[in-house]
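My request is simple: use the sequences and hints to build the entire structure.
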Amino acid sequence: MSFRAVCKADVVKSVIDSLSTLVDEAKFQVAPEGLEVLAVDAAHVAMIDLSLSKAAFKNFEADEMELGIDIDKLSDAVRLAGADDEVEIVLEDEGLLRLEIGNLTRRMSLVDTSGMTDPKIPDLELPAMIKMPGAELDRGIKAAEGISDHVALHATAGGFELSAEGDMDSVNLNLEKDTLLEHRASEEVRSLFSLDYFSNMVKVAKDAGTVQLRLGNDYPVRLGFEFADGEGEVTYLLAPRIESA
Amino acid sequence: MDPCSLCGRTPKRVVQEMGVEARRGQEQFCEVRGCPLMERFKGFTGEDEISGDSAYGPSPPSLFVGRHGYPDVHLGPLMTPGEVDEPGLMDEPPSWTDMGLGDVLAMRSGLIRGNARVEVDQARRISDPTRTMEVTQELAMAAKPAYTELSFSREVDVDLTPTLGGFSAPTGPSITLEKAQLAENPRVPRQVDQIVYDTDAKATTGAWELYDKGIADYHVQRLLAAGLLGRANDRRFVPTRWSITATDDMLGKRLIPQVRDRQHLGQPQLFFHELYGNRFHVLLIPGPWEFEMLEAWLVPKKTPEGQPPGREIKMLQDDEGHEPRTSYADDITGAYYAARLAVLEHLTSIGRQARALVLREITDDYYAPAGVWVIREAVRHAMGEGPRTPDTVEHALSIVEAENEIGPDWAANSRLIDEHRHQVQLSAFLDD
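Respectively, the protein sequence lines represent chains A and B.
Per my numbering, the first sequence runs over residues -5 to 239.
Per my numbering, the second sequence runs over residues 13 to 444.
Calculated directly from the structure, the hints in this document are not laboratory data.
All values reported here derive from a predicted model rather than from experimental measurement.
Any given hint could turn out to be false.
Using 30 Å as the maximum straight-line C-alpha spacing, the simulated DSBU-like pairs for lysine-lysine come out as follows [stated by the list, open to error]:
| id | chain 1 | residue 1 | chain 2 | residue 2 |
| --- | --- | --- | --- | --- |
| 1 | A | Lys2 | A | Lys52 |
| 2 | B | Lys225 | A | Lys67 |
| 3 | A | Lys200 | A | Lys67 |
| 4 | A | Lys48 | A | Lys67 |
| 5 | B | Lys214 | A | Lys67 |
| 6 | B | Lys265 | A | Lys197 |
| 7 | B | Lys156 | B | Lys265 |
| 8 | B | Lys265 | A | Lys67 |
| 9 | A | Lys7 | B | Lys265 |
| 10 | A | Lys136 | A | Lys197 |
Okay, structure coming up:
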């Protein structure tokens, strides 16, 4: 079994940021064409599906394998690198990963993946689809955070609305259909989400030129965006809050 | 300054300055001689007083490090003059829960607090210690009482009236020391000796090792206060109040990763214990480890003239998610970390994780603050007495409401309950 990958530190950092909002450690499914991570948070409220094609790397040679990675450790190792620095990641031994950043070498032990179960992905019909700049969504979420713990996402035939209500105050971000990059809503749908989760997801997505939201009625939201010049893709799935369980 | 709520006089020293915990459930009171509260304590302490320029007797062992003036603080040994049946009990909180609150206050008021001024980082100048520092540190290491002699800088004549604070257990009067001396060699457990002389280990590592080897939390706390844990250059005296919470926090963080590796609890469990008018309900909800604590009591309600006086609920809340909190729990303060440790100890022993909700109702029976140990020991008792197993979380909440003066406000102010009621899991959308 061999694994050797070289890429810009920025790409690794994006992977770390995307995963660390939900999990401390994750199982990387490695194949010759690239890698994929499927993970669910401890409360089973949110999950992530992250994929990164070999084209995102300057160099990528890998056999099929699973790598159990402690995200905090990986983050520690890469933190010292500048965005454009190259990182070389090599499976040195079974259970040991070596990172080379310039003249700095960091070895880290891998996590046993045998206890990590593969999360089941719900098969969802999400009727509404919205595309907008990540920064726009981030602005709305930041405003909502100031007054509430939850946010409502609302898609209609006319556009998209994000709203939050505090004790006395409220926030609305209203985006007309033609101000959106893409909009598809055959029926009116609305779901409520915990900002604890959603704002962290949006924080990761905010640098993406385009984020895609898929919504239903009292149904999970799917938030998707690309990174690493389109060679990487993250899809978050977040379960809703409902009036009474 | 408002007059004392008990005697109406201008307070000499308002107890509330000692922190939020001191005010839980109590109205503001003072320490003026003749104040009913002080008289009540004197009733417990009887005719005892000390006089002269020295005192001789056993230290449980115990010490106190003040926080005022930090980093110049006052510290010294606690000891009781004369003969006592079991001096060791005087600094052993787990053994106090069988006693009444008054008896604890009376017992503790018999502990004289020797006081010498030091800079906190003198703790690491082992080559040049003052006698008082040295004696204080030796007592911190000891596991059994040791006879101690305190010499005062002048003749004293004081009543044995306790000093109250919300964090540490009450103590007797504090007297400025000329000198402290041990009359015997204290017995130091081997594990303690090892850690104290390991000046490469972080304080956290040292505390964990001691706790793993069965050294009691209050002994670990004494060592931390005495500046005997940590890397050589990091060592300093730690005010007793801070050392109590730091110890509860460190030991709790030791257990969190272990608990988070365990299976989820199968069904809700409800635990209860009342101590000195503090009613503790602990509700364990199936799910990943999270922690929340609420404290509530009734305070007089400001009503317009002519209307009958009423009472309203005062409630405080702090919580953390699956990741341990990094900021201080500044509503609940020390009680939060004490309760969290007690719950984590229980989860470790049963090998399960859960969402834990601790509800503390403080009634008028808790007439004086006795220290954070009340919370730690009461929650340990609650967990030890075993659970009731209501069918649902809602059922558990209805039991809590029936057993407390404070009703639906608990659920309305709880993040864990809110999430339990409203947050759906992804598994709800799987087809099978």
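Out of the numbered hints, which ones does the structure contradict? none
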